[in-house]
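J.: Given the sequences, and given the hints that come with them, work out the whole structure.
Number of protein chains: 2
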Amino acid sequence: MNQDLLDLKPKPAIRRRGQRTRTIPEQIADDVSRAIVNGDYRGGERIREQELATLYGVSRGPVREAIRTLQERGLVNFFPRRGAYVVDVTLDTIVEIFNVRAVLMGLAARDLARRKDVEFVAELHTGIAEARAMAKAKATTPLDFARAIAHLGGMVAARCGNKHLARLLRDQLDHTLWGIIWRDRPLDFFTPQRQAAAVREWEKLEAAIAAADDSEADLLLRRVFFNARDAAIKTLQKTRSDKVGPAGLIRD
Amino acid sequence: MNQDLLDLKPKPAIRRRGQRTRTIPEQIADDVSRAIVNGDYRGGERIREQELATLYGVSRGPVREAIRTLQERGLVNFFPRRGAYVVDVTLDTIVEIFNVRAVLMGLAARDLARRKDVEFVAELHTGIAEARAMAKAKATTPLDFARAIAHLGGMVAARCGNKHLARLLRDQLDHTLWGIIWRDRPLDFFTPQRQAAAVREWEKLEAAIAAADDSEADLLLRRVFFNARDAAIKTLQKTRSDKVGPAGLIRD
DNA sequence: CCAATGTCAATTGTCAACAATTGGACAAAG
DNA sequence: CTTTGTCCAATTGTTGACAATTGACATTGG
Chain U
849 MNQDLLDLKP KPAIRRRGQR TRTIPEQIAD DVSRAIVNGD YRGGERIREQ
899 ELATLYGVSR GPVREAIRTL QERGLVNFFP RRGAYVVDVT LDTIVEIFNV
949 RAVLMGLAAR DLARRKDVEF VAELHTGIAE ARAMAKAKAT TPLDFARAIA
999 HLGGMVAARC GNKHLARLLR DQLDHTLWGI IWRDRPLDFF TPQRQAAAVR
1049 EWEKLEAAIA AADDSEADLL LRRVFFNARD AAIKTLQKTR SDKVGPAGLI
1099 RD
Chain C
849 MNQDLLDLKP KPAIRRRGQR TRTIPEQIAD DVSRAIVNGD YRGGERIREQ
899 ELATLYGVSR GPVREAIRTL QERGLVNFFP RRGAYVVDVT LDTIVEIFNV
949 RAVLMGLAAR DLARRKDVEF VAELHTGIAE ARAMAKAKAT TPLDFARAIA
999 HLGGMVAARC GNKHLARLLR DQLDHTLWGI IWRDRPLDFF TPQRQAAAVR
1049 EWEKLEAAIA AADDSEADLL LRRVFFNARD AAIKTLQKTR SDKVGPAGLI
1099 RD
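Protein chains in written order, with this note's numbering: chain U, 849 to 1100; chain C, 849 to 1100.
Quick caveat, the hints were computed from the structure, so don't treat them as lab data. A few of these clues could be false.
Note that the list lumps identical chains together, so a pair holds whenever it fits in one copy or between two copies.
Unchecked claim - Quick list of in silico lysine-lysine cross-link-like pairs, DSS-like style, CA-CA up to 25 Å:
#1 Lys1082 - Lys1011
#2 Lys1091 - Lys1011
#3 Lys1091 - Lys964
#4 Lys964 - Lys1052
#5 Lys1091 - Lys986
#6 Lys1091 - Lys1052
T.: So this is what it looks like as structure tokens:
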């Protein structure tokens, strides 16, 4: 739970009308969010208001607002008068999250395909090229490659025309996955073969979006996440006693 | 914006260990949420902290926490130092929300079908029976029927085994739809024919879930929402100048 | 030995006061 | 007639203090 102090106080002197500044509660929420996603907290660990307050050099008011934000984003469980506890992510939860993310990302891909956003396709193309280059270069670590792939997903989520969807994909618990699952773990998952396969998957997706084949784009991206889900479960089951039921292992 | 005062103060004397009590910020968030969904606020209307504080007889602290909750749920836009404003729901937003809800509810139906939850099927059966009875009884208003149908959706959302999904469906903006769209409006939408058709749709869904045909259940429930989306847009375009692009009008 | 009860420090919940910023109103200048 | 500058009331942001509750531990009685 050791995190660098934020540069909280210095408020920007000039600001355009309508421009959103980052408030202290938001900065705290984002920072703690990052810490949780990075695995700096253990699942079930308690979060004490005063601790965060002194850590960030503010009073408990802003911290309480930040905690409410984390609660709504599904990163902490909150019990009245008992405090906030970092969510404990079981294998079943991971399956749940992957499934939700799969259908939502599929919808985002569908949206992008229908809108024929050439600018986005170009962006995606360069992103995929980067991932491909990484896959070929022996120097890059599997973790770097995982990051590059995650970046592609982030692009789809951020650029899709459905703003409500973009918000959900940005704010909701789903991204917890990254830190909890992949931290130190892609080593034994993203083998050269798997990397090449992942690049191919995204190439096919790019083609579908460029061709404005929305159903195909939807299907392809959903499959990406279902595959990632199964691979993650397989990898994680090695180090966990957790088991996962078959009901959640949806395909297509 | 006239809403009954909540019975805020009297805190329950006895409570089981682990049982969640409803905190004041949560009660306020829920109440204002209801008010927004009911259309008691106009889109873009400003929410003043002190106003809510005096309305509920508390100080501004709990109100601020409630507002943060509303912000995360997508019900208000928040601008630092300028306050919170109730979201303005355009036709495009409605399409966005319906699309997200369609795929999420489809996933929920898929989940229920795979789990073969006989208890749920029975529950759903009686719910559908109630709706069918309403459709046949001339006495019930279209609004009552709309409520009954919405209740069916709520059952699917609440009872699906994917807890992460259930939380999203419960907390996220989506339900705004109900109040904004259907308030005073099912009169010219839920004609007897439409009511009968809606009941048939849900009967087919029940059959699919009972038969554990998850893909079919997914498809059917998605269609329910896509149809509802198109109908809502059609109805709303009569009274709005708003137009809606074709990119969001996904099918299947 | 175990369950019920009492006590207490730690922590959360709420409040009221104060500080800082904003968006108008209004006036003067271009 | 528009722009620029200066006030000011209204509103939001933050704080420190106080009240209430919890969970842990100790004590008591069976």
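J.: It remains to establish, for every hint, whether it holds in the given structure.
T.: Hint-by-hint comparison with the structure:
{"no.": "1", "hint": "Lys1082 - Lys1011", "result": "between (34 Å within a copy, 22 Å between copies)"}
{"no.": "2", "hint": "Lys1091 - Lys1011", "result": "between (36 Å within a copy, 17 Å between copies)"}
{"no.": "3", "hint": "Lys1091 - Lys964", "result": "between (42 Å within a copy, 20 Å between copies)"}
{"no.": "4", "hint": "Lys964 - Lys1052", "result": "within (16 Å within a copy, 35 Å between copies)"}
{"no.": "5", "hint": "Lys1091 - Lys986", "result": "neither (35 Å within a copy, 52 Å between copies)"}
{"no.": "6", "hint": "Lys1091 - Lys1052", "result": "neither (33 Å within a copy, 33 Å between copies)"}
Comparing the model with each numbered hint stated earlier shows that hints 5 and 6 do not hold.
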